[in-house]
Amino acid sequence: MAELPVIGVSVGYLAALFGVAYWAERRSGARRSLVGNPYIYALSLAVYCTAWTYYGSVGRASQVGIEFLAIYLGPTLLAPIWWLLLRKIIRICRQQRLTSIADFLSARYGKSASLGAVVTVLCVVGSIPYIALQIKAIAASFALLTQGSGPSVLGGVGGVALATTIVLAFFTIIFGVRSVEATERHDGMVFAVAVESLVKLVAFLAVGVFVVWGLFSGPTDIFDQAAAVPALKRLFTLQDSGVTAPHWRTLLLLSGAAIILLPRQFQLAVVENTNEDHLRKAMWLFPLYLLIINLFVLPIALGGALRLGATDADFYVLALPLHANSPGLALLTYIGGLSAASSMIIVETVALAVMLSNHLLMPLLVRIPAAHITRRPGWFAYLSQSALWGRRLAVAVVLLLAYGWYMTVGQGLALVNIGLVSFAAVAQLVPVVLGSLYWKGGTRSGAMAGLLGGFLLWFVTLVLPTFVGPGWLAPQVLADGLFGLPQLRPEALFGLTTLDPLTHGLFWSWTVNILLFVGVSLFGEPSGDEAQQAVAFVDVFKGGAGATGAAWAGAPLPDVRALLTGFLGPKRTAQALRQFSDRHPDALTSQLLPANATPADTDPRLLTWAEKLLAGSIGPAAARLLLASATGAQRVTFEGVVGALRESQQLVEANRQLRRQQRELQRLTTELQTAYHQLQGLDQLKDEFLSTVTHELRTPLTSIRALAEILYDVPDLQDPERSRFLLTITRESDRLSRLITLVLDLEKFESGKATLDVSSVDMADVVADAVAATEQLATERQIQFQLDTPATLPFVPADRDRLMQVLVNLLSNAIKASPTDGTGRISVRATAEAGQMQLTVTDNGKGIDPAYHTLIFDKFFQARNQSVRKPEGSGLGLAITKKIVELHLGTISVESAATCGAVFRVTLPLVSDKLYSRP
Amino acid sequence: MPVLTERAAQRRGQQLMFVALTFAALLTFPMLGVWDQPARLGGVPVLWLAIFGSWLLLICLTAWLVRHPAAPKSEAPTESNSINPDPTRG
Amino acid sequence: MSTVDTAAATAAAATHTPHILLVDDEPNIVMSLEFLMRKQGYHVSIARNGTEALAAVAQTAFDVVLLDIMMPDVDGYHVCRHIKERPDRAATRVIFLSAKSKEADIRRGYDAGADLYLTKPFSPRQLMEQVRALASGPAPGAVPGAS
Numbered sequence: 000m001a002e003l004p005v006i007g008v009s010v011g012y013l014a015a016l017f018g019v020a021y022w023a024e025r026r027s028g029a030r031r032s033l034v035g036n037p038y039i040y041a042l043s044l045a046v047y048c049t050a051w052t053y054y055g056s057v058g059r060a061s062q063v064g065i066e067f068l069a070i071y072l073g074p075t076l077l078a079p080i081w082w083l084l085l086r087k088i089i090r091i092c093r094q095q096r097l098t099s100i101a102d103f104l105s106a107r108y109g110k111s112a113s114l115g116a117v118v119t120v121l122c123v124v125g126s127i128p129y130i131a132l133q134i135k136a137i138a139a140s141f142a143l144l145t146q147g148s149g150p151s152v153l154g155g156v157g158g159v160a161l162a163t164t165i166v167l168a169f170f171t172i173i174f175g176v177r178s179v180e181a182t183e184r185h186d187g188m189v190f191a192v193a194v195e196s197l198v199k200l201v202a203f204l205a206v207g208v209f210v211v212w213g214l215f216s217g218p219t220d221i222f223d224q225a226a227a228v229p230a231l232k233r234l235f236t237l238q239d240s241g242v243t244a245p246h247w248r249t250l251l252l253l254s255g256a257a258i259i260l261l262p263r264q265f266q267l268a269v270v271e272n273t274n275e276d277h278l279r280k281a282m283w284l285f286p287l288y289l290l291i292i293n294l295f296v297l298p299i300a301l302g303g304a305l306r307l308g309a310t311d312a313d314f315y316v317l318a319l320p321l322h323a324n325s326p327g328l329a330l331l332t333y334i335g336g337l338s339a340a341s342s343m344i345i346v347e348t349v350a351l352a353v354m355l356s357n358h359l360l361m362p363l364l365v366r367i368p369a370a371h372i373t374r375r376p377g378w379f380a381y382l383s384q385s386a387l388w389g390r391r392l393a394v395a396v397v398l399l400l401a402y403g404w405y406m407t408v409g410q411g412l413a414l415v416n417i418g419l420v421s422f423a424a425v426a427q428l429v430p431v432v433l434g435s436l437y438w439k440g441g442t443r444s445g446a447m448a449g450l451l452g453g454f455l456l457w458f459v460t461l462v463l464p465t466f467v468g469p470g471w472l473a474p475q476v477l478a479d480g481l482f483g484l485p486q487l488r489p490e491a492l493f494g495l496t497t498l499d500p501l502t503h504g505l506f507w508s509w510t511v512n513i514l515l516f517v518g519v520s521l522f523g524e525p526s527g528d529e530a531q532q533a534v535a536f537v538d539v540f541k542g543g544a545g546a547t548g549a550a551w552a553g554a555p556l557p558d559v560r561a562l563l564t565g566f567l568g569p570k571r572t573a574q575a576l577r578q579f580s581d582r583h584p585d586a587l588t589s590q591l592l593p594a595n596a597t598p599a600d601t602d603p604r605l606l607t608w609a610e611k612l613l614a615g616s617i618g619p620a621a622a623r624l625l626l627a628s629a630t631g632a633q634r635v636t637f638e639g640v641v642g643a644l645r646e647s648q649q650l651v652e653a654n655r656q657l658r659r660q661q662r663e664l665q666r667l668t669t670e671l672q673t674a675y676h677q678l679q680g681l682d683q684l685k686d687e688f689l690s691t692v693t694h695e696l697r698t699p700l701t702s703i704r705a706l707a708e709i710l711y712d713v714p715d716l717q718d719p720e721r722s723r724f725l726l727t728i729t730r731e732s733d734r735l736s737r738l739i740t741l742v743l744d745l746e747k748f749e750s751g752k753a754t755l756d757v758s759s760v761d762m763a764d765v766v767a768d769a770v771a772a773t774e775q776l777a778t779e780r781q782i783q784f785q786l787d788t789p790a791t792l793p794f795v796p797a798d799r800d801r802l803m804q805v806l807v808n809l810l811s812n813a814i815k816a817s818p819t820d821g822t823g824r825i826s827v828r829a830t831a832e833a834g835q836m837q838l839t840v841t842d843n844g845k846g847i848d849p850a851y852h853t854l855i856f857d858k859f860f861q862a863r864n865q866s867v868r869k870p871e872g873s874g875l876g877l878a879i880t881k882k883i884v885e886l887h888l889g890t891i892s893v894e895s896a897a898t899c900g901a902v903f904r905v906t907l908p909l910v911s912d913k914l915y916s917r918p
Numbered sequence: 000m001p002v003l004t005e006r007a008a009q010r011r012g013q014q015l016m017f018v019a020l021t022f023a024a025l026l027t028f029p030m031l032g033v034w035d036q037p038a039r040l041g042g043v044p045v046l047w048l049a050i051f052g053s054w055l056l057l058i059c060l061t062a063w064l065v066r067h068p069a070a071p072k073s074e075a076p077t078e079s080n081s082i083n084p085d086p087t088r089g
Numbered sequence: 000m001s002t003v004d005t006a007a008a009t010a011a012a013a014t015h016t017p018h019i020l021l022v023d024d025e026p027n028i029v030m031s032l033e034f035l036m037r038k039q040g041y042h043v044s045i046a047r048n049g050t051e052a053l054a055a056v057a058q059t060a061f062d063v064v065l066l067d068i069m070m071p072d073v074d075g076y077h078v079c080r081h082i083k084e085r086p087d088r089a090a091t092r093v094i095f096l097s098a099k100s101k102e103a104d105i106r107r108g109y110d111a112g113a114d115l116y117l118t119k120p121f122s123p124r125q126l127m128e129q130v131r132a133l134a135s136g137p138a139p140g141a142v143p144g145a146s
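So the sequence lines, in the order shown, correspond to chains S, W and A. Using numbering that gives the first Met the number 0, you'd call the opening residue of the first sequence number 0 and step up by one each time. Using numbering that gives the first Met the number 0, you'd call the opening residue of the second sequence number 0 and step up by one each time. Using numbering that gives the first Met the number 0, you'd call the opening residue of the third sequence number 0 and step up by one each time.
Isolated chain S, as found in the complex:
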C-alpha cells in the first residue's frame, strides 16, 4: 500500500476524531453532554487496551500462550471492589479538586510539593517507555502496511515514528491542553477515546473473525491444527508455556495496580468521572470489554504462527490480512491499532503534562520573588499563561522523550516487555496510595522514603537490564553485578535467582517500598496538615466532606481577587465568587466584587475555596504556595489553631465568668432595689403604724390627763362627778394597757415569735365564753346574741386563749357596728364539714364596702380610712385576728354589702398534724 494514502487516512482519521471531540465538547457546552453516561465512561476506560493489547498480546500469546490474559484478569479481579476503592478515590479527588495521582498523593501527605514532584517524575519516567511502545506500534504498523511501496517519504521507520510523534503532539495539545483549568473535564477527549475504543474493538474482532472463519474453518480447526504443532500445543497450558505461579501472580498484581494508577487510567476513571454511579455499570462493562477483545488473541496468535511462521509475532494482527490480500481489512486493522495507540498517547500525555506543570513547573514559578514584590494581576495572568504553555511544552517534551527512548532503547524490545516495566513503575505507588486511603498513620517522610526506595529498586532491577540492548550498559554488569558486586546483580539481587525478572523486580521494589513507607511513618509523627488530610482521605465517606475547615487567615480581599482574576479571568472569577457566596451567604464576598474594595481580611473559607480553585489549575502544592506568597495569607497550622483555640477558650471562659458576674450583679441590684422598695414601703408602713399607735395611745392619755388635772384643780368637785371622772380614768387606763398588749401581740405575730399552745378545743364552749366576755357591752347597746353551736361539734385543734381572742375581737367588732336602738342582732354559728370547722359572726350593722373586704384586716386600716366603721377600739383587732387564724392554718374573710351588716367567716382545719408539730 502506498504511503501517502495511508498518511492521508491516518491524519484524516485523527482529524475526524478531533471533529467528533469538538462536536462532543459543543454538546456538553450546551448541557447535552454525550459523556455523562456509564457506557461512554466504561468505553473510555478501555484506553487501558493500547497497542500492547492490540498488537502485543498476540505476540505475547505466540510465545507464552495464555499468560497474556493475566494483564486483563488483574483488572477484572479488581473490578468488583472498585465500588469500595475507586469510588473512595473519586470522592476524595472531587472534594479536594485533585486532578492527578501526583495531586492525590501530594494532597494526602500535607500538600507536599516535593512528594508531588517525586510522584510526577516516577510517573513520567515509568510512562515514557510505555508511550514509546505506542509510537513504535504506529511506526511499525505503518511500515508494515506500506511495505514494498517504493522509497519511504518519511524516511523509514524512524521517520514514521518522528512524524507520528509530531502529529500526535499536535493532536494531544488541541485535544487536551487548551485551557488551564485541569479540573475541567475534557469531554471531547473522553468521547473521542470512547469512539476509539469502539473502533479498535470492532477492528480487532473483524480480524479475529477473519482469521478464525476466513483463514481457518472455526476455532476447533485452529486449535486442532495448532495441537499438531508441539511448539504451539505447549501454549495451551501455562506450565508448558513456562509460566510460573509467582509470575502469573505478579502479572495479576501489576495489572490490578495499573488499571487505577496509570496516569491515563487515573485521568479517565477519576478525573473525568462525571458521576460515581457510573462505576456500577463500568464495573462489569469494562471487564466485559476486556473479555471480548481478548477472545481472538490466542486464535490469531496460533493462526499467525501457523500461516506466517516466526516473523514478528507482534504484528500478526496486521500481517495476516495483508498476507491474505485483504488491504481493506488491513487498513481497518491499522486504523484500529492507530486508535489504540493514539488514544493512549493523548490521554497519558495530557495527564503527564498536567502533572509536570503542576508539580514541577508551577511550584518553581510561584517561588520566583517577583510574586512577592509585584502583586499585580499581570503577574498572575502571566503565571496562568505559563501554566498553559508549560503544559503544552510538557506534552512535546514527554513525546520527544518517548520518541528518543524508542529510537535508542525500545526498538529491540517486545511491546509487552516495555509495558510491563511501566506497570512495575506505577506499581510503586500502590503501597502509598493504599496507605493514604486506609491508614491515617502514614507520613510525608514515609511516603517519600517508600517511593524513592521502590523507585530505585525498580530502576535497578527492571530498567537497567534494558540498557544492555543499546549498549549503555555492559552485559557483564548483569552477570557480575553493579560495581562488580555479585550481590548487586540487577536481575538477581542478593543472589535471589529463583524468580523471573519481573517478579524479582516487583518483589524487591515492593519490599523496600513498603518497609520504608511503614517504617519511616511509624518512627515519625504526622504534621498537623498531614493528620488533617489523613482524616479527610480515610474518612471521606464518614461525612468528613469539608474537613479542611478554616486553615487560612490574614489575606486582604483585593489581593485574593486579583490572584483569581489573573488565573481564571474576570468572568470565571466573578462566577466562582458568586458560587462561593451562594454556598456561604454569611461570608463577606460582596466586598470582593467592587474593584476598589477596602482592604479587609478575606473570609478563611474563601481562601480555602480559592486554594481549591487554583489547585484545579496549578496543583495543590503550587496553589498553596501561590496563595501564601501572592496574598500574604498565612497557613494556620494545627498547633497554631490549637493554641489560638486554647487562648480563645480561656477568653471565652473569662467572658462567660464576666457575664455571669454581671448577671449576678444585675440580679443583686434588682433584689436590692426590690428590698429597698420593700423597706421603703415597710418604713412608710412603720411610720403610719407608729403615728397611728401614737394617736391611739394619745387619745386615752388625753382623757386621763385632762380628768386628772381637773380632779386636782377642782377640789370642790361633787362626789358623783368625781367618781365618774375616776372611773373614766380607770377605763382609759385599761384601754391604754390593752392597746399596748395588742401592739406587742401584733409585733410578736409579725415577727413570727408567736407560739400556739394547741389542745383540743370545744368550739361551743369557747363561743359561750366569748359571748359572756362581751355580754356587758352588748347589753349596754341593747344587742341580742343568737348562738347556733350544736353540741355535736367536733373538737378543734387550737390554742384556746387565742381562739377566744379571735371570737372576742369579732364579737366586739360586730357589737360596735350594730345599731344601738334595740334592733341589733348578732348571730354566731359554728358548723363542721369536709374536715373544716366554720365559724360565722353575723351582724346587722353598717356593713362594709366590698372594696375594703381585704383591707380591713390590715392593721390600723380604720385609722387611715376614717370614713369606714369608726373604730371604737384600736383598729388592730382584725389584724391580730387574722394573724391568729392564719397561725391555726385557717382562713378569715368577710362578706358584706355596704348597708346591711357583715358576715365574718373563719375556717379552721379540724385535723392538722402540722399544727401540732409547729414550734
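No lab work stands behind these hints: they were computed from the structure.
A few chain A residues that don't get close to chain S, going by computed Cβ distances all over 10 Å:
hint, residue
1, L53
2, A54
3, T59
4, R80
5, H81
6, D87
7, Q129
8, A132
To give an idea of the chain S side of the interface with chain A (calculated C-beta under 10 Å), a few residues:
hint, residue
9, T698
10, L700
11, I703
12, I709
What follows is a list of derived Cβ distance ranges for each label pair:
hint, chain 1, residue 1, chain 2, residue 2, range
13, W, E5, S, L204, 38 to 46 Å
14, S, T310, W, V33, 33 to 41 Å
15, S, L204, W, G52, 17 to 25 Å
16, S, A790, A, P26, 38 to 46 Å
17, S, D820, A, D87, 32 to 40 Å
18, A, D87, S, G751, 56 to 64 Å
19, A, D72, S, K752, 37 to 45 Å
20, S, E687, A, A89, 32 to 40 Å
21, S, F540, W, V33, 36 to 44 Å
22, S, T729, A, P86, 45 to 53 Å
23, S, L481, W, E5, 51 to 59 Å
24, A, Y109, S, K752, 38 to 46 Å
25, A, D87, S, Y675, 49 to 57 Å
Nothing here was measured: the structure is a model prediction, and the numbers come from that model. Where a beta carbon is used, it is the ideal one built from N, C-alpha and C, also for glycine.
Mind docking chains W and A on chain S? Use the hints.
Only chains W and A this time, still in chain S's reference frame:
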C-alpha cells in the same frame, strides 16, 4: 429504581469483596492448576475455557450485585459540577 | 377691718357669754372639756363628728371652736376651712386639738386657717387660758397688741 439502604450498601461492599477474593483464588495457582492441562473441549483448551468461563461468571455476578444504586447518603455530593462548566470555554 | 368693728366686737365680748363648740368623737375627752368650759361659765355646744360640727356652725356663730382632726366622716381641716370661708363666721376662732403631733400636721392645721393648734394630750389649764384669750381677744387678722 430501588435504592439500597446504608446497611445493605455495606453488605454489598462485603459481597463484592468476597466475589473478588473468591475469583482471585480461582484464577491463581494452585487452584488454576486444576485446569492447567492439555485437555481440550470441542477443540478448545480447557484452561482457555475455564478462564473465560470464570471471567464471564465474575462479570455476571458483579453486574448482579451492583444492579441497584447506593443509598443517597453514600452518594457523591454534587460538588463536581459546581464550578467547572463554563459553556463558553475554549 | 376697721377699728370700729374691732371695738364693736370687743364690746360684744364684754357684754355676752362666749359660746364654745366642742367637736370630738371621743366621749371622754368631750366630757372633760365640757366640764371645764361650763365651769368657766361658757356656753357649750357639742358635736360628735364633722357633720354635726358643720351643722352647728351653720346655725350658730360660735366664739371658739375646739376641733379634733381625725373624725370618721368629715375631718377637722375641712370643718376649719368651712368656718374660715364663711364671712359671717369671721369672728369665730378655731383651736385644733389633735393627737397628730408632726410638724407637717401642725402646719397643715394653721394652713387651714386655725388660730391655734394644740397637741393631745394637752394641759386643761393651758387650754383654758388660750380659750379665754381668744374669746375676749382681738379679731383674727388684727395685729396682736392692737388692743
